[in-house]
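Chemist: Just need the whole structure built from these sequences, with the hints factored in.
These protein sequence lines are chains A and B, in that order. Letter by letter, the first sequence follows residues 1 to 472 in this note's numbering. Letter by letter, the second sequence follows residues 473 to 739 in this note's numbering.
No lab work stands behind these hints, which were simulated from the structure alone. Please note that a few of the clues may not be correct.
[Claimed, not checked] Quick list of in silico lysine to any residue cross-link-like pairs, SDA-like style, CA-CA up to 25 angstroms:
1) K148(A) / D67(A)
2) K513(B) / A340(A)
3) K217(A) / F482(B)
4) K84(A) / V156(A)
5) K362(A) / R325(A)
6) K725(B) / T336(A)
7) K601(B) / R233(A)
8) K320(A) / D696(B)
9) K663(B) / S327(A)
10) K735(B) / L316(A)
11) K199(A) / D506(B)
12) K602(B) / R233(A)
13) K224(A) / E357(A)
14) K291(A) / D219(A)
15) K261(A) / L145(A)
16) K647(B) / A326(A)
17) K199(A) / C215(A)
18) K151(A) / E164(A)
19) K735(B) / P315(A)
20) K602(B) / V508(B)
21) K511(B) / T336(A)
22) K224(A) / L292(A)
23) K513(B) / D503(B)
24) K735(B) / R325(A)
25) K513(B) / T337(A)
26) K647(B) / T336(A)
27) K735(B) / S311(A)
28) K362(A) / L531(B)
29) K725(B) / H345(A)
30) K631(B) / V607(B)
31) K98(A) / Q47(A)
32) K601(B) / S207(A)
33) K725(B) / K224(A)
34) K647(B) / G328(A)
[As the list claims (entries may be wrong)] The following label-pair restraints were derived from C-beta to C-beta distances:
35) D219(A) / H598(B): 54 to 64 angstroms
36) L316(A) / I721(B): 18 to 28 angstroms
37) L316(A) / S707(B): 21 to 31 angstroms
38) K420(A) / R730(B): 57 to 67 angstroms
39) S543(B) / K224(A): 49 to 59 angstroms
Given the structure is predicted, the values throughout are model-derived calculations rather than measurements. Idealized CB from N, CA, C, for every residue including glycine.
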Amino acid sequence: IQQTVTNRVFLQHRRCVAPIHHRYASTQASINNEDTEQTIYADGLDQLTGLSQATRNRIRTMKQRHDEVLRLLHEGGDPTSLGKEMSTLREMSAYCEKVAEIHAERTSLEELLEETEASGDEDSKDMIDEIRDELEELQAKLQPLSRKMHKSLIPVLNPDDVEELTSSDAVIDIRAGTGGDEACLFAAEIMAGYEAIAKSGGDGGKSWDVEILSCSKTDLGGVKEASLAVSSRGGGGGSYGYESFDVSLDDKPEAEEDIAKKLLQQLGPYGFFQYESGVHRVQRVPVNDNKLQTSAVAVGVLPAIPESQVSNALPLDELKIDVMRASGAGGQHVNTTESAVRITHIPTGIMAYMQEERSQHKNRSKAMRLVAARVHSLRKQQAMQERSNARSSLMGGGDRSERVRTYNFPQDRITDHRCKVSVNGVQSWLSDGSMVGKFAPPLYQMERDDRTAALEEELEDSGKNGKKNSKI
Amino acid sequence: QMSEEQCNTFQSLLDRRIDLEPLQYIMGQWDFHDLVGLKIKEPMLCPRPETEELVEFVLEEVSELIRNRGSTNERIRILDVGCGTGAIGLAIANRYCDEVQVVALDVLPEAVELSNNNAKTFLANHVGKKEGLEVNTIYEAILCSADDFTNTQECNTYKMDFDIVVSNPPYIPSKDMVTLSEDVSRYESDKALCGGDDGLDIIRHIVRRLPEWTSGNCWMEVDDSHPSFIADWLSPGSQESARLGVKCISTYKDFCGRDRFVKLRVL
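Modeler: Here it is, written out as structure tokens:
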């Protein structure tokens with residue numbers, strides 16, 4: 001018994017000391033040995049037999065980039081852009097280090113096993129069993145780790161868009177469609193919902209500013225059309241940055257609410273609202289009727305251009321600015337309270353008419369912001385069409401004329417037609433706008449699944465072609 | 473449903489409007505630039521939208537001055553000649569309350585009072601937050617004409633050395649006064665509108681005094697007949713320009729496409 005205890009203590013001691021040395025060595029080894037296909041990497045990733053060679057190499061590239069970004073940060077590189085890149089890489093890096101740790105432990109245990117078996121000692125049978133148990137335990141940790149790493153290959157937010165999704169403000173256009181007064185009433189309700197959820201920061205924390213850029217109402221209190229500006233005042237999403245990362249190894253999949261919560265916290269106003277773009281259909285019995293009516297409201301969400309960049313985005317010579325023009329000499333000759341402004345962007349034909357404010361200056365400023373957001377959005381869509389065949393309508397926020405959601409009052413159910421999620425309690429979801437935060441996470445997941453499928457295709461192709469390193 | 477008292481009030485307001493009284497006077501206030509609810513009283517001139525553009529020119533220059541001067545506690549000094557409701561100077565002070573000091577002139581005591589009143593309204597919040605800061609550190613209107621705003625041997629009261637001079641002086645030529653619509657001619661002050669025969673009387677006073685006030689730029693809103701004339705009169709290198717010590721740098725159109733603004737500089 002005395003012997004066994006000593007051996008156990010010895011075992012634990014070896015386990016503590018060895019891995020640190022091995023971890024740095026293995027990283028070094030992996031950098032030097034990339035040239036041949038037959039190379040055996042010492043970073044332990046090859047233990048993950050569930051992942052293809054191409055996937056493992058992709059992971060290696062991510063880890064290398066992580067270490068490089070870390071070095072650049074320490075050398076004084078730009079913390080904003082590097083920090084954001086770091087956020088997309090730290091999870092994978094932490095997993096890699098865990099894998100390397102396990103690999104080092106296994107290696108030293110296997111050595112110990114060899115030694116002990118070779119010694120031929122009678123007493124060593126217990127120790128051999130213990131070592132074998134430990135090795136099995138370590139082996140078992142690899143499976144869930146492997147799964148997590150596979151998931152981590154594809155970041156939750158598309159890296160091409162992450163800047164916009166986390167920090168851009170939003171311009172939201174709402175327009176009542178078919179259904180007359182009913183549609184206008186529903187438009188007013190949707191608008192109130194968006195305002196409410198925006199003011200509570202989109203579930204992320206700090207409240208966002210809501211500014212009504214324009215709003216034309218009906219006599220019954222409905223809204224024919226309106227434009228809102230939602231701004232985080234530079235705050236962006238609640239938490240997005242380089243933080244220390246805790247690697248959990250248990251096999252419990254992360255709770256859906258926690259995943260959703262983490263996602264929502266990262267999103268800025270544009271990222272939060274972007275999937276509201278499209279046609280919202282409502283089915284209910286109008287106040288003054290007893291027949292079920294279907295009406296529609298069209299929503300468009302655009303990234304807002306920061307005020308300081310509006311004049312760069314829209315050079316004056318591309319604009320036609322029309323104001324209420326008095327006949328005669330103008331200026332002091334005439335006293336007018338007509339302050340309406342129409343701004344037309346000549347190259348694209350995009351136009352905004354603003355008469356909300358009593359000051360012409362303010363109307364002009366609001367109209368500029370609207371035009372800037374719409375022109376930017378149009379240009380982005382054109383660029384995207386040229387760039388790729390979008391896999392699904394989810395890439396880039398979707399087509400405004402696509403029917404995205406149905407609010408069925410008699411059945412008390414809201415259904416999103418894209419992610420196929422339904423919730424009960426239309427009124428309560430609608431009145432505080434919480435439906436936005438409910439449907440956004442599954443939609444982001446769908447978009448992520450698209451990217452995952454695309455990556456898997458790519459890795460399959462590269463595997464078939466014998467390429468060992470895929471592009472990131 | 474309105475009460476009888478409300479109906480009567482509403483009716484009397486309507487009557488005033490039917491009588492062509494300007495809406496701003498009836499309401500007692502209107503918005504100008506970023507100032508919401510600027511108090512406006514007869515007979516001071518109701519601010520026009522063109523004047524908002526004048527403010528924007530000055531704001532751009534103030535912003536540039538701030539950018540180029542480095543760190544300092546000294547305020548950028550602005551002179552608003554013919555302040556009326558205080559609109560121009562206050563729009564500037566409102567945007568740059570930590571960086572500017574506005575002195576505003578008018579010949580009507582009611583205008584001086586109204587301007588200082590408006591200043592209290594718009595600047596009180598900001599002043600309250602800082603120890604030892606008074607409204608008149610940022611904005612002060614005084615009763616004085618352009619011509620009288622000068623220091624002599626006997627009377628050396630005024631601190632000059634302004635960085636920017638801005639004005640929307642009375643500029644309507646006398647002959648045009650009869651063409652004005654009734655809501656202007658019957659209610660707004662002649663003194664705020666008429667600039668003499670060619671409309672340039674006050675402008676000439678300003679130009680004469682300009683080198684005493686500043687070594688920088690002067691922005692003015694003028695009659696659409698004036699910019700080309702002034703560009704010629706004060707053309708750089710011309711005799712008049714040399715004599716007066718002022719040159720015209722450029723002219724600008726307003727959003728209606730009319731010649732409206734001039735930028736002058738002291739030589």
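Chemist: For each hint, tell me whether it holds in the structure or not.
Modeler: Hints versus structure:
1. Distance check on the hinted pair: K148(A) and D67(A) sit about 20 angstroms apart at the alpha-carbon level, within 25 angstroms; holds.
2. Between K513(B) and A340(A), the direct Cα distance comes to roughly 24 angstroms. Compliance with the 25 angstroms bound is thereby established for this hinted pair.
3. Of the supplied pair hints, the one linking K217(A) and F482(B) holds, its CA atoms being roughly 24 angstroms apart against a limit of 25 angstroms.
4. With a C-alpha separation of about 13 angstroms, the suggested pair K84(A) and V156(A) falls inside the 25 angstroms cut-off, and the hint holds.
5. Restraint check for K362(A) and R325(A): satisfied, since their Cα atoms lie roughly 17 angstroms apart, inside the 25 angstroms limit.
6. For a cut-off of 25 angstroms, the pair hint linking K725(B) to T336(A) stands: about 19 angstroms separates their Cα positions.
7. The hinted pair formed by K601(B) and R233(A) meets the criterion: a straight-line CA distance of about 22 angstroms does not exceed 25 angstroms.
8. Proximity of K320(A) to D696(B) is assessed by CA-CA distance (about 21 angstroms); at most 25 angstroms being required, the pair is judged to hold.
9. Proposed proximity of K663(B) and S327(A) is supported: the alpha carbons are some 23 angstroms apart, at most 25 angstroms.
10. Pair hint K735(B) plus L316(A) holds up; C-alpha atoms about 20 angstroms apart against a cutoff of 25 angstroms.
11. Taking the CA atoms of K199(A) and D506(B), the gap is about 23 angstroms. The hint holds against a cut of 25 angstroms.
12. As the CA atoms of K602(B) and R233(A) are separated by approximately 24 angstroms, the hinted pair is consistent with the 25 angstroms bound.
13. Using a Cα cut-off of 25 angstroms, the hinted pair K224(A) and E357(A) holds, with the two alpha carbons roughly 18 angstroms apart.
14. A hinted pair counts as satisfied when its Cα atoms are at most 25 angstroms apart, and K291(A) with D219(A) qualifies at roughly 22 angstroms.
15. At roughly 22 angstroms between alpha-carbon atoms, K261(A) and L145(A) fall within 25 angstroms of each other, so this suggested pair holds.
16. Annotation: proposed proximity of K647(B) to A326(A) holds, straight-line Cα distance about 19 angstroms (limit 25 angstroms).
17. Distance check on the hinted pair: K199(A) and C215(A) sit about 18 angstroms apart at the alpha-carbon level, within 25 angstroms; holds.
18. For the suggested pair K151(A) and E164(A), the alpha carbons sit about 23 angstroms apart, so the restraint of at most 25 angstroms is met.
19. Restraint check for K735(B) and P315(A): the C-alpha separation of about 22 angstroms stays at or below 25 angstroms, so the hint holds.
20. Under the criterion of a C-alpha separation no larger than 25 angstroms, the hint pairing K602(B) with V508(B) is consistent with the structure, at around 23 angstroms.
21. Straight-line distance between C-alpha atoms of K511(B) and T336(A) comes to about 16 angstroms, which keeps the hinted pair within the 25 angstroms bound.
22. For the proposed pair K224(A) and L292(A), the alpha carbon gap of about 21 angstroms is at most 25 angstroms, so the pair holds.
23. Pair hint K513(B) plus D503(B) holds up; C-alpha atoms about 13 angstroms apart against a cutoff of 25 angstroms.
24. For the hint pairing K735(B) with R325(A), the CA-to-CA distance comes to about 24 angstroms; that is within 25 angstroms, so the pair holds.
25. Only pairs whose Cα atoms come within 25 angstroms are accepted, and K513(B) paired with T337(A) is accepted, the gap being roughly 15 angstroms.
26. Only pairs whose Cα atoms come within 25 angstroms are accepted, and K647(B) paired with T336(A) is accepted, the gap being roughly 22 angstroms.
27. Annotation: proposed proximity of K735(B) to S311(A) holds, straight-line Cα distance about 22 angstroms (limit 25 angstroms).
28. Under the criterion of a C-alpha separation no larger than 25 angstroms, the hint pairing K362(A) with L531(B) is consistent with the structure, at around 15 angstroms.
29. Note on K725(B) and H345(A): the hinted pairing holds, with a Cα-Cα distance of about 20 angstroms set against a maximum of 25 angstroms.
30. The straight-line distance between the Cα atoms of K631(B) and V607(B) is roughly 18 angstroms, inside the 25 angstroms bound, and the hint therefore holds.
31. Annotation: proposed proximity of K98(A) to Q47(A) holds, straight-line Cα distance about 12 angstroms (limit 25 angstroms).
32. The hinted pair formed by K601(B) and S207(A) meets the criterion: a straight-line CA distance of about 24 angstroms does not exceed 25 angstroms.
33. In summary, the hint linking K725(B) to K224(A) is not supported, as the alpha carbons are separated by about 36 angstroms, beyond the 25 angstroms threshold.
34. Only pairs whose Cα atoms come within 25 angstroms are accepted, and K647(B) paired with G328(A) is accepted, the gap being roughly 14 angstroms.
35. Distance hint check: the CB atoms of D219(A) and H598(B) are about 41 angstroms apart, inconsistent with the given range 54 to 64 angstroms.
36. Taken as a hint, the range 18 to 28 angstroms holds for the pair L316(A) and I721(B), whose Cβ atoms sit roughly 19 angstroms apart.
37. Range check, L316(A) to S707(B): about 26 angstroms between beta-carbon atoms, so the 21 to 31 angstroms window is met.
38. For the hinted restraint 57 to 67 angstroms between K420(A) and R730(B), the CB-CB distance of approximately 60 angstroms keeps it satisfied.
39. Distance hint check for S543(B) and K224(A): the Cβ-Cβ separation is about 51 angstroms, which falls inside the suggested range of 49 to 59 angstroms.
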